[in-house]
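Letter by letter, the chains look like this.
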Amino acid sequence: MTDATASTPAAPASGRRQSISLFRQDAHTKRRNAAETRFKAYGLTAVLVGLFFLIVLFGSIISNGLPAFTRTVVELELTLTQEQYEEAESKLLKTGAYRDFFIAAFDRELEERGVEVEYDAAALERILGKIGGNLREFYTANEDRLGQPVDFELSTSSRIDGYFNGRLKREDVRDSRFLMSTDLDLADELYAAGIMKSDFNWNFITGADSGVDNPGGAGIGASVVGSFFMMIVVLVLSLPIGVAASIYLEEFAPKNRWTDLIEVNISNLAAVPSIVFGILGLAVFIQFAGLPQSAPLVGGLVLTLMTLPTIIISTRASLKSVPPSIRDAALGVGASKMQAVFHHVLPLAMPGILTGTIIGLAQALGETAPLLLIGMVGFVARGYPDGFVSGFTEANSAMPAQIYTWAARADASFYEKAWGGIIILLLFLMTMNIIAIVLRRRFERRW
Amino acid sequence: MPVLWIVLIVLALAAVGYVLGRQRALASADGNSRKLHSLPSFYGTSVAIFTMVFSFAALIVWMIVQPIVVENRVAATISPETIPEGRTIGLMMSDVRRVADGLDQAVAQGAMSADQATSIRTEFTDVRERLGQIGVALGSDVGPAVLHAAQRYRAMSATGDLAMTVVVLGLALAGFAVAYSRTHRDFRARNVVERTIRYILIFAASIAVLTTVGIVLSLIFNTIEFFRLYPAWEFFFGTTWAPSFSGRGGGSELGIVPLLWGTFYISLIALLVAVPIGLFAAIYLSEYASPKVRSIAKPMIEVLAGIPTIVYGLFALLTVGPLLLSVFGDDGLGWMQAGTAVMTAGLVMGVMLIPFVSSLSDDIINAVPQAMRDGSLGLGATHSETVRQVVLPAALPGIVGAILLAASRAIGETMIVVLGAGAAARLSLNPFEAMTTVTAKIVSQLTGDSDFGSPEALVAFALGMTLFVITLMLNILALYIVRKYREQYE
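The listed protein sequences correspond, in order, to chains A and B.
Take this note's numbering: the final residue in the first sequence is number 487, and no numbers are missing along the way.
Take this note's numbering: the final residue in the second sequence is number 497, and no numbers are missing along the way.
It should be emphasised that the hints constitute simulated quantities derived from the structure, not laboratory data.
Keep in mind that a hint or two might mislead.
[Unchecked claim] Below, a list of computed lysine to aspartate or glutamate pairs in the EDC-like style, where the Cα atoms sit at most 16 Å apart:
| no. | chain 1 | residue 1 | chain 2 | residue 2 |
| --- | --- | --- | --- | --- |
| 1 | A | LYS134 | A | GLU123 |
| 2 | A | LYS80 | B | ASP108 |
| 3 | A | LYS70 | B | GLU392 |
| 4 | A | LYS377 | B | GLU201 |
| 5 | A | LYS237 | A | GLU123 |
| 6 | A | LYS360 | A | GLU484 |
| 7 | A | LYS377 | A | GLU290 |
| 8 | A | LYS170 | A | ASP300 |
| 9 | A | LYS360 | A | GLU290 |
| 10 | A | LYS80 | B | GLU392 |
| 11 | B | LYS42 | B | ASP193 |
| 12 | A | LYS237 | A | GLU290 |
[As the list claims (entries may be wrong)] Chain B regions said to be covered by chain A (calculated; three or more residues, Cβ under 8 Å):
| no. | region |
| --- | --- |
| 13 | 320 to 330 |
| 14 | 351 to 362 |
| 15 | 383 to 397 |
[To be verified] Some, not all, of what chain B presents toward chain A, calculated at C-beta under 7 Å:
| no. | residue |
| --- | --- |
| 16 | ILE209 |
| 17 | ILE214 |
| 18 | VAL216 |
| 19 | GLY221 |
| 20 | SER225 |
| 21 | ILE317 |
| 22 | LEU340 |
| 23 | ASP370 |
| 24 | MET422 |
Beta carbons: idealized from backbone N, C-alpha and C, even for Gly.
Please take these sequences and the hints and turn them into a complete structure.
This is the structure:
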């Protein structure tokens with residue numbers, strides 16, 4: 041009886057035991073292993089999705105931004121004599137006269153190259169903008185160039201530019217006073233003849249912002265200068281203050297309420313939204329202290345307050361990584377606490393501090409929101425500052441603010457400039473981060 | 008004298024002080040530095056520090072106080088009868104400042120002599136036109152009262168500047184003299200210098216506290232001002248956001264509810280994107296990936312965190328928006344009207360937050376002791392079972408903290424929503440509609456030529472205060488959770 045009851049469950053048990061050989065998985069193990077595979081696949085997918093976003097982001101930046109670095113120009117040699125100049129200046133429609141000179145020279149050029157195209161003055165103006173005005177501007181400014189051959193490089197209107205960049209498709213062109221579809225035929229022929237060509241747009245890198253009506257002439261140079269002055273302010277203020285604060289907190293601070301308060305404050309400040317710093321800048325620096333709006337000085341001050349927590353946190357980490365034996369050795373040979381810190385600990389922590397500072401600066405360089413509030417947006421930075429001091433106090437733009445200004449303009453040709461500006465901004469950030477990484481690799485010491 | 012010159016002079020004086028102090032100390036010890044109490048450089052430094060510290064402190068305080076004093080005293084001289092109808096003393100004073108600046112520029116550019124600037128009268132000269140010629144644009148004609156006040160303002164500022172120069176340089180010289188005369192071989196220079204440096208360090212550390220105080224004060228004062236003009240009840244519970252731009256005198260409805268709704272909706276979508284991707288990426292990278300894959304993939308994902316938000320904003324506006332529109336717009340499903348929508352901003356913000364969630368979670372998962380994993384694997388659990396049933400529960404508080412921090416980031420994010428979310432304040436459930444957020448409205452209310460006295464501009468400070476409080480609470484909560492539960496495994 042007992043044998044029978046014992047043997048009945050034993051039989052299937054022995055059957056099952058056979059099936060769970062190490063070489064054959066049962067259903068349960070299969071399910072568990074499938075779950076394992078799935079889980080791993082989810083993780084891999086997540087990583088790949090992250091990388092995919094990165095690639096899409098960079099792809100769209102590069103593909104949209106590169107056209108900003110080229111422009112389409114018409115090159116033409118033109119000689120204007122003194123008499124022609126005086127004749128044109130005596131006329132009522134001065135720019136019209138200059139335009140006629142240009143067209144005459146243009147005709148000669150076409151003949152020389154053996155190109156036969158039909159065109160009229162209006163078409164040429166649609167392609168090249170205000171030719172007469174540009175010529176007159178040049179000659180009234182450079183009267184000494186009269187009578188000599190001058191190589192003119194006239195940039196084409198943004199629509200023609202877009203046509204050669206691929207931004208504007210022929211099918212999308214509707215005849216308007218800005219562009220007729222016949223103009224594109226003319227442009228194609230000029231391009232084929234070599235009179236119109238694409239070249240590198242130096243003006244985009246070195247130039248200043250143009251007005252709303254001239255996307256072709258917009259450049260990011262002036263705002264790079266604005267950003268540069270802001271970064272000087274940030275560096276000069278945040279590095280010494282940040283290092284001093286960290287030294288105090290890490291080496292000298294007694295454990296008391298005030299120290300706790302400072303520590304809590306710093307970790308909270310690191311997480312305060314950047315726009316709130318903008319409000320602070322607006323209320324304290326502009327409303328209360330009466331500093332000028334849109335000035336890199338104010339931008340720099342606001343960004344300093346934002347960067348300080350970052351620098352303090354990284355400086356403290358690198359001070360902490362210097363082993364106590366260094367301090368003890370210095371104290372042991374008779375150095376004061378201050379001397380031990382400033383002569384021994386600080387130099388050893390310096391690579392880490394500099395790395396943290398550069399990363400903090402890179403963050404500050406790309407920050408936009410607080411700059412919106414202190415009036416760096418919408419301001420058209422038409423030129424470079426006159427000198428070193430006015431570089432801090434005169435209204436200017438900054439790179440991210442300039443990009444935002446372009447993105448907010450209604451004309452879609454500015455979008456291309458905004459993407460191009462992003463490429464420049466990212467190049468700066470990349471350089472800074474690479475410097476930081478190199479510094480860390482070269483000088484970081486493992487104790 | 009320009010401030011820059013004062014600073015340079017004081018610095019030069021300090022440098023001279025260093026050299027002289029050092030020499031005097033050595034001379035008092037007959038050139039034998041062993042007879043000195045401290046190293047010779049400490050004597051030099053003590054003179055330099057005494058030259059600089061008091062004079063620079065005075066300079067900073069003076070520069071902050073002077074404009075306020077001048078302002079108040081000039082404002083007191085303007086009699087209430089001369090203020091035109093519909094203008095306030097504050098507006099009047101901003102005119103006065105602008106005219107005074109204009110006169111300064113005119114003198115600097117040589118368009119006006121210094122005497123002329125102090126003596127011109129509106130009866131004889133059109134000041135607005137004169138200033139317009141040198142590029143100072145004034146909004147309205149300059150009345151005699153304003154011009155007179157502006158001239159007083161200039162005179163007082165000039166006096167103040169002169170006094171500041173005298174006081175600052177005087178303090179520098181006095182500090183120099185005191186420290187120099189004290190320099191003797193028995194003078195405990197090191198103790199003095201080190202104590203001073205210590206105070207400077209304490210001051211630097213306190214700047215963080217000062218910043219917070221500055222933020223809180225600037226928000227509170229303007230918020231109180233706002234609530235004086237606009238009822239707090241309607242601000243916190245009003246469901247319409249419709250500021251009037253035409254002028255003041257009411258007509259604006261400034262309810263925060265639609266803005267908060269937009270903020271939370273966008274943040275929710277962002278977290279729905281970022282949390283699963285970031286968390287799984289962190290799990291994969293810390294538990295499964297080979298060291299080689301990890302060393303490539305982790306920095307690559309973290310690159311996403313280093314990209315400025317303006318780039319994400321443009322990405323939302325010009326790439327993601329049109330892409331979503333082509334799928335969900337009128338040509339596709341017909342749910343979407345324009346490229347800027349909650350979905351656009353939320354998706355892009357999610358991408359931005361992926362590295363934030365993943366690197367924080369990565370650290371936390373790595374902090375779970377290896378013994379716990381080994382125990383679980385030793386009992387026969389698969390790797391994924393170990394992760395799900397042992398590692399994740401152990402890391403949960405940290406992960407929750409990370410998610411809360413990410414949420415506070417999402418709520419405070421500005422550029423992506425300014426460019427990608429649209430401008431209309433709406434209470435709607437459709438994620439393909441344009442909505443707006445607290446941060447976007449702070450920007451739009453404070454940019455442009457707004458008058459700081461109007462409720463339409465002041466509301467931005469109330470919005471900022473709300474934002475500050477919400478993010479602060481999220482951060483504190485996150486820190487609290489992390490701190491409270493972390494120690495369990497250490």
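Evaluated hints:
no.: 1; hint: A:LYS134 x A:GLU123; in the structure: holds, 14 Å
no.: 2; hint: A:LYS80 x B:ASP108; in the structure: violated, 67 Å
no.: 3; hint: A:LYS70 x B:GLU392; in the structure: holds, 14 Å
no.: 4; hint: A:LYS377 x B:GLU201; in the structure: holds, 9 Å
no.: 5; hint: A:LYS237 x A:GLU123; in the structure: violated, 32 Å
no.: 6; hint: A:LYS360 x A:GLU484; in the structure: holds, 13 Å
no.: 7; hint: A:LYS377 x A:GLU290; in the structure: holds, 13 Å
no.: 8; hint: A:LYS170 x A:ASP300; in the structure: violated, 66 Å
no.: 9; hint: A:LYS360 x A:GLU290; in the structure: holds, 7 Å
no.: 10; hint: A:LYS80 x B:GLU392; in the structure: holds, 11 Å
no.: 11; hint: B:LYS42 x B:ASP193; in the structure: holds, 9 Å
no.: 12; hint: A:LYS237 x A:GLU290; in the structure: violated, 62 Å
no.: 13; hint: 320 to 330; in the structure: holds (count 6)
no.: 14; hint: 351 to 362; in the structure: holds (count 3)
no.: 15; hint: 383 to 397; in the structure: holds (count 6)
no.: 16; hint: ILE209; in the structure: holds, 6 Å
no.: 17; hint: ILE214; in the structure: holds, 6 Å
no.: 18; hint: VAL216; in the structure: holds, 5 Å
no.: 19; hint: GLY221; in the structure: holds, 5 Å
no.: 20; hint: SER225; in the structure: holds, 3 Å
no.: 21; hint: ILE317; in the structure: holds, 4 Å
no.: 22; hint: LEU340; in the structure: violated, 22 Å
no.: 23; hint: ASP370; in the structure: violated, 14 Å
no.: 24; hint: MET422; in the structure: holds, 5 Å
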